[in-house]
Amino acid sequence: MASTLETRQAVEEVSGDYKYGFVTDIEMVKAPKGLSEDVIRFISAKKEEPEWLLDWRLKAYQKWLKMEEPDWALLDYVKPDFQDIYYYAAPKSADDRPKSLDEVDPELLRTYEKLGISLQEQEVLSGVAVDIVFDSVSVATTFRETLKKKGVIFCSISEAARDYPEIMKKYLGSVVPMADNFYAALNSAVFTDGTFVYIPKGVRCPMELSTYFRINEANTGQFERTLIIADDESYVSYLEGCTAPMRDENQLHAAVVELVVLENAEIKYSTVQNWYPGDKDGKGGIYNFVTKRAACRGENSKVSWTQVETGSAVTWKYPSCILQGDGSVGEFYSVAITNNYQQADTGTKMIHIGKNTSSTIISKGISAGKAQNVYRGLVKVLPNAENTRNFTQCDSLLIGDECGAHTVPYIEAKNPTAQLEHEATTSKISDEQLFYCLQRGLDVEDSVALIVNGFCKEVMMQLPMEFAVEAQKLLGISLEGSVG
Amino acid sequence: MLEIKNLHVDVDGKEILKGLNLNIGPGEVHAIMGPNGAGKSTLAYAICGKEGYEITKGSVTFKGKDFLELEANERAGEGVFLGFQYPVEIPGVSNVNFLRAALNSIRKYRGEDEIAAVEFLKLIRAKAAELKMDPEMLKRAVNVGFSGGEKKRNEMIQMAMLDPIFSVLDETDSGLDIDALRIVADGINRMRGDSRSILVITHYQRLLDYVVPDFVHVLSDGKIVKSGDKSLAIRLEKDGYASVGIDESAA
Ligand SMILES: Nc1ncnc2c1ncn2[C@@H]1O[C@H](COP(=O)(O)OP(=O)(O)OP(=O)(O)O)[C@@H](O)[C@H]1O
Ligand SMILES: [Mg+2]
Chain D
47 MASTLETRQA VEEVSGDYKY GFVTDIEMVK APKGLSEDVI RFISAKKEEP
97 EWLLDWRLKA YQKWLKMEEP DWALLDYVKP DFQDIYYYAA PKSADDRPKS
147 LDEVDPELLR TYEKLGISLQ EQEVLSGVAV DIVFDSVSVA TTFRETLKKK
197 GVIFCSISEA ARDYPEIMKK YLGSVVPMAD NFYAALNSAV FTDGTFVYIP
247 KGVRCPMELS TYFRINEANT GQFERTLIIA DDESYVSYLE GCTAPMRDEN
297 QLHAAVVELV VLENAEIKYS TVQNWYPGDK DGKGGIYNFV TKRAACRGEN
347 SKVSWTQVET GSAVTWKYPS CILQGDGSVG EFYSVAITNN YQQADTGTKM
397 IHIGKNTSST IISKGISAGK AQNVYRGLVK VLPNAENTRN FTQCDSLLIG
447 DECGAHTVPY IEAKNPTAQL EHEATTSKIS DEQLFYCLQR GLDVEDSVAL
497 IVNGFCKEVM MQLPMEFAVE AQKLLGISLE GSVG
Chain X
287 MLEIKNLHVD VDGKEILKGL NLNIGPGEVH AIMGPNGAGK STLAYAICGK
337 EGYEITKGSV TFKGKDFLEL EANERAGEGV FLGFQYPVEI PGVSNVNFLR
387 AALNSIRKYR GEDEIAAVEF LKLIRAKAAE LKMDPEMLKR AVNVGFSGGE
437 KKRNEMIQMA MLDPIFSVLD ETDSGLDIDA LRIVADGINR MRGDSRSILV
487 ITHYQRLLDY VVPDFVHVLS DGKIVKSGDK SLAIRLEKDG YASVGIDESA
537 A
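Taken in order, these protein sequences are the chains called D and X. Following my numbering, the numbering of the first sequence begins with 47 at its first residue and continues without gaps. Following my numbering, the numbering of the second sequence begins with 287 at its first residue and continues without gaps.
What the hints contain is simulated information worked out from the structure, not anything from laboratory work. For each residue, glycine too, the CB sits at the ideal point set by N, CA and C. Any given hint could turn out to be false.
[Said to hold, decoys possible] No farther apart than 25 Å at their CA atoms in a straight line, the calculated lysine to aspartate or glutamate pairs in the DMTMM-like style are these:
#1 D:503 to X:375
#2 D:215 to D:205
#3 X:304 to D:458
#4 D:474 to X:375
#5 D:426 to D:458
#6 X:394 to D:504
#7 X:394 to X:420
#8 X:291 to X:355
#9 X:437 to D:504
#10 X:418 to X:355
#11 X:394 to D:205
[Stated by the list, open to error] A short, non-exhaustive set of chain D residues, derived as facing chain X with CB atoms under 10 Å:
#12 155
#13 159
#14 428
#15 429
#16 466
#17 468
#18 472
#19 473
#20 485
#21 490
#22 492
#23 497
#24 501
#25 502
#26 504
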């Protein structure tokens with residue numbers, strides 16, 4: 047995507063002597079199909095993990111075996127067969143990849159073009175086996191050097207397990223316990239991929255971090271695990287995902303993201319999720335079952351989740367904030383678009399534990415086609431949480447008559463001083479709005495994109511600039527064919 | 287420029303226009319008056335191609351082209367502008383962004399390049415000044431929270447920016463204060479020219495003192511029942527529709 051390209055160029059400038067490198071052939075390695083203790087041992091060995099992490103995985107696996115797949119969400123899908131999945135596969139070799147863009151699905155290329163993605167970048171995204179590619183290893187290294195000077199640790203989670211065992215042991219599973227829920231337990235047992243970030247005391251991370259710079263992990267994994275720790279008085283902005291459509295033959299994605307925010311620290315976590323949503327008839331598409339949670343542990347800790355969810359056939363995701371430190375702040379800004387047969391059950395949980403904690407929830411759900419879109423949110427105020435505040439605004443926009451939007455807010459206030467505000471609206475794109483735009487010369491698709499972007503403005507404003515421009519285009523593209 | 291022959295239009299299965307004929311030549315300004323519910327806005331929508339306005343009979347030709355073949359946005363691209371009787375709100379979309387998107391869509395339809403950002407800003411500032419519009423209004427979401435008169439003035443800046451060759455102004459004068467009426471009338475007059483035409487829909491002769499029409503028509507019960515020059519409007523204002531043989535209760 048263009049934003050990573052920009053960042054890349056920025057890094058090139060920093061590094062000065064950027065050079066092209068050749069792709070080294072990576073041996074194709076696959077674990078046998080299905081899940082067992084042996085497969086977990088295989089993964090752990092491949093990742094050269096320390097013993098304690100293997101034990102941790104095995105413990106999670108044992109718990110997972112006793113758990114049941116949740117079915118309380120308003121989702122209707124065929125449950126995955128967990129024995130019919132490969133849990134470890136090394137990156138594809140060049141032989142298996144398209145030789146040039148001519149071999150790539152033209153539909154995908156058309157979308158890249160609309161998003162304004164350069165040809166070179168299109169090749170990288172669609173996995174074309176080009177001879178000369180951008181040498182991500184050396185750039186990532188330079189990038190890391192810059193961060194290192196500030197003491198920032200940014201590496202894969204496997205590396206962190208080897209190199210920073212103390213921090214890892216202290217925080218892994220401390221926000222999302224290994225058996226928190228069915229998918230989190232599964233992830234804990236088999237995660238193969240992921241990011242680790244540590245921002246030391248008093249450091250403002252000098253650049254926006256995005257997954258792109260992790261070595262050898264251009265392809266986002268099926269079971270990603272992310273752990274970010276912002277120590278006292280620190281700040282980091284982290285970007286996850288990509289506006290470009292991502293195809294992946296893995297149907298099930300179950301990620302876990304844990305954020306730890308200490309005193310006066312802040313983490314801003316932005317996601318654009320655009321996994322393959324399936325075709326117009328609802329065939330195929332990714333199941334996206336994610337557990338994301340942030341713990342605001344110190345005084346005045348702040349965490350801000352911003353998500354733009356346009357992809358996946360099924361999305362199940364509730365980025366949450368545990369507001370433990372007094373005066374800590376949690377924010378959740380969400381746009382979820384569902385079109386055709388997509389289903390999304392998403393929202394947040396704000397758990398107010400500390401005094402004077404506050405939270406803001408802005409959710410914009412857009413449904414088109416035959417899609418279903420659910421906002422499910424919990425605002426919980428514990429007895430000792432004096433003077434807490436929450437503002438929740440859930441707006442739903444319907445396009446057409448066959449889709450649905452549902453708002454399910456749960457509120458549990460156990461302290462009488464809590465000030466909780468909830469607003470919810472449901473609207474449709476009116477014929478009058480559409481005709482007004484058409485009369486001014488915009489075609490149907492541009493009109494819908496314009497109206498929808500207006501509807502989502504408060505959330506889009508939260509995205510980092512270069513991400514926002516692409517995300518705006520993405521909203522329009524996701525809704526193509528939904529009107530007229 | 288615009289030729290409407292025997293136009294019949296149904297809305298929700300009900301016939302609203304019942305054989306309407308109208309010819310507007312280049313450079314001409316026509317005014318349409320008529321009782322509430324006569325079908326004036328319906329005519330404007332039918333010309334501009336609004337969904338749900340079903341043409342059951344007749345033709346609309348614009349510069350020799352069969353207009354009924356074109357989508358609403360294509361008609362806009364051909365240079366037709368409608369000043370809405372009730373301008374629509376678009377939350378979250380600023381006037382500036384809306385206008386830039388509209389202008390670029392029209393330019394694209396005509397095979398022209400997008401307007402450069404600097405040039406666009408210069409243009410919009412100039413037009414806002416002409417219409418004595420507070421530039422702050424341009425940053426606000428399209429028509430959201432605008433007063434009635436502000437909405438009408440906002441329609442005028444859109445017209446000025448999009449530079450149409452044919453404009454239908456549906457009661458653009460309603461709801462304007464005395465000063466605003468003059469400003470808007472000046473705006474309309476600036477749009478007059480040898481190759482441009484305007485159709486003004488109004489209830490009041492007042493506007494026609496400033497924007498002097500070449501022709502005045504009376505629309506009643508889905509048809510043009512009387513045409514004349516400016517004096518017709520003056521007569522209507524003085525004596526009411528009964529003076530031209532229209533039974534108010536029938537309209
Ligand atoms: N959806 C509809 N179903 C039935 N009748 C309709 C519908 N829409 C409009 N009409 C009717 O069509 C007639 C013409 O309406 P139109 O808005 O064109 O009138 P007008 O001449 O512009 O009136 P005004 O001066 O009040 O603006 C009215 O009687 C109106 O009630
Ligand atoms: Mg009307």
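Status of each hint after checking the structure:
1. D:503 to X:375: Status holds; Cα separation ~15 Å.
2. D:215 to D:205: 13 Å, holds
3. X:304 to D:458: Given that 25 Å is the threshold and the Cα spacing comes to 62 Å, the pair is violated.
4. D:474 to X:375: 13 Å, holds
5. D:426 to D:458: 5 Å, holds
6. X:394 to D:504: Distance of about 29 Å is beyond 25 Å: violated.
7. X:394 to X:420: 29 Å, violated
8. X:291 to X:355: Satisfied, since the Cα-Cα distance of roughly 15 Å is no more than 25 Å.
9. X:437 to D:504: Satisfied, since the Cα-Cα distance of roughly 24 Å is no more than 25 Å.
10. X:418 to X:355: Given that 25 Å is the threshold and the Cα spacing comes to 38 Å, the pair is violated.
11. X:394 to D:205: 51 Å, violated
12. 155: 21 Å, violated
13. 159: This hint is violated: residue 159 of chain D lies away from chain X, its Cβ roughly 16 Å from the closest one there, beyond 10 Å.
14. 428: Violated: closest Cβ of chain X sits about 35 Å from residue 428 of chain D, beyond 10 Å.
15. 429: 39 Å, violated
16. 466: 25 Å, violated
17. 468: It is violated, given that the least Cβ distance between residue 468 of chain D and chain X is near 20 Å, above 10 Å.
18. 472: 14 Å, violated
19. 473: Holds, about 9 Å.
20. 485: Holds: closest Cβ of chain X sits about 5 Å from residue 485 of chain D, inside 10 Å.
21. 490: At about 8 Å, which falls below the 10 Å cut-off, the nearest Cβ of chain X leaves the hint on residue 490 of chain D intact, so it holds.
22. 492: Holds. Min distance 6 Å.
23. 497: 6 Å, holds
24. 501: At about 6 Å, which falls below the 10 Å cut-off, the nearest Cβ of chain X leaves the hint on residue 501 of chain D intact, so it holds.
25. 502: Status holds, d = 7 Å.
26. 504: Holds - the Cβ of residue 504 of chain D comes within 10 Å of chain X, reaching about 8 Å at its closest.
In terms of the numbered hints stated before, the structure departs from hints 3, 6, 7, 10, 11, 12, 13, 14, 15, 16, 17 and 18, listed from lowest to highest.
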